[in-house]
Amino acid sequence: MSLHLLKLGLKGTDDEPRFFPQPGELKSHYDVVIIGGGGHGLACAYYLARDHGIRNVAVLEQGYLGGGNTGRNTTIVRSNYLTPEGVRFYDASLRLFQDLSEDLDINLFYSTRGHYTLAHSDDAMRTMRWRAEVNRHQGVESHVVDRDYVTQAIPGLDPDCGGSQPVMGALYHAPGAVARHDAVAWGYGRAAAARGVELHQKTRVTGIQQSGGRVRGVTTDRGTIECDSVISMVAGSTPIITDMVGLPTPIEIFPLQACVTEPVKPFLNTIVVSGSLHLYLSQSSRGELVMGAAVDPFVLHSTRSTFGFVEGLADNIVDLMPFTSRLRVVRQWAGMSDLTPDFAPIMGTTPLSGFYLDAGWGTWGFKATPISGKTMAETVATGRNHELIEPFRYSRFRDFELVGEKGAASVGH
Amino acid sequence: MKIIDCPVIGPRPAAEFTYGGAVGAPPVEDPTPDQLAEHVFYRAGAPGVLREWWYHRPTGRWFVLERNTATNDILRTVEPEEVAYAIPML
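Note that the protein sequences, when read in sequence, are chains Y and G. When you line the first sequence up against the working numbering, it's residues 1 to 413, in that order. When you line the second sequence up against the working numbering, it's residues 1 to 90, in that order.
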């Protein structure tokens, strides 16, 4: 035991530096107000301050930092998408993730595991080949592997899946990784605060002022703020914010649930996904199996968990990995997914000058944290969509230029 | 388990139902591209009371529910005739 720890034990921790400084009252004016203190909001604040010198920034969070979908996802980082636009965007994110622990001086437990998307039918194999070709064309390492390869690579797998849906092969994506999601938010938050950004927790936005076609300020339950720009980075609460400024969106909210089992000895060193069985799993550094499924079947603005979810997931996971029947689920939870019709995000400028949107993150938001922060910061600094997010622009639905990612963005297809 | 009051055979477990999404407004005739995009893609996404199509699989019947999407409380069932519209001829 170190002497320092002994001293803390005797004296208490009151005099120790805090991870986040306690902000005082809200100022009357900020250059930029970011609504939402999750990974995306904190990352954007960090890149605004670091890359663009915009430091008069407030992050307003109605709950606590990283308490929304940032802390509720299954921590997977990958870039094996279906469209060139998606692959380029998520690959840039993955590259930022790889150096992020050093940049932010915090251990993100970033662990490159390799990522298998299992195919149980000829149709699924066709989609895997398609994704592999698109990925490799963009310089991303993905290839199709056969059933024997999968069987050897994934310990505990029953390649016949109990006989009902035998595995035919998989898309193998070498850079697939997991990271400690809370630490991503904390690291970005601390680094942003160190550069002068104010992080206001338990501060709910209740209205947004606009006049003459541009944003003027926001009203919160702690007072009114004037500002030049507002960025909405609130995932599952997006329709509430866009309704405040009268901006229609195609976003609908569906709960997405996940669960973990009790910890067991490390045995699974890859990430396994099956679209047909609607599940994905990986083993955390603590030994728990982290598992998720498709979104709930109907619109709901709630983070309640259901027994039906665990029942359905267990039914499939026991077919895929029979030994898991001996494991107990110790925790389950849900987040609110903001789904778009084409399964791609909505990012960048909007018809309302000074109002920026970072939304439509559905089931694919965590892996985009660094790049969405970086591209949104540049978009706000220059007033023009960053080239990586131009395909995801707000107007793409009216332009009938959708980015169809359904085949790669989630498991519910 | 969540119970949904089926107008055909009374209260049934929610697992017997399939969600059909919000009841939309009728498409307008000769729409502009903007109107078409709105009809096809745009939705009322905020929490509140929504009219939605639900399908009861065992009895094979579609019907409409009014449901609070914040609390998941079902307020009432609506006869399809109330919300049905004739599809414009193209």
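One or more hints might be untrue.
[Claimed, not checked] Not everything, but these chain Y residues come out facing chain G in the computed CB check (under 7 angstroms): (1) ARG204; (2) GLY246; (3) ASP296; (4) PRO297; (5) VAL299; (6) HIS301.
[To be verified] To give an idea of the interface, some chain G residues facing chain Y are shown, with a C-beta separation under 7 angstroms as derived from the structure: (7) GLY20; (8) GLY24; (9) PRO27; (10) ASP34; (11) GLN35; (12) ALA37; (13) GLY45; (14) ASN72.
Simulated from the structure, these hints should not be mistaken for lab results. Virtual Cβ for every residue (Gly too), placed ideally from N, Cα, C.
Results of checking the hints against the structure:
| no. | hint | result |
| --- | --- | --- |
| 1 | ARG204 | violated (15 angstroms) |
| 2 | GLY246 | violated (12 angstroms) |
| 3 | ASP296 | violated (9 angstroms) |
| 4 | PRO297 | holds (5 angstroms) |
| 5 | VAL299 | holds (5 angstroms) |
| 6 | HIS301 | holds (4 angstroms) |
| 7 | GLY20 | violated (9 angstroms) |
| 8 | GLY24 | violated (12 angstroms) |
| 9 | PRO27 | violated (16 angstroms) |
| 10 | ASP34 | holds (6 angstroms) |
| 11 | GLN35 | violated (10 angstroms) |
| 12 | ALA37 | holds (5 angstroms) |
| 13 | GLY45 | holds (3 angstroms) |
| 14 | ASN72 | holds (6 angstroms) |
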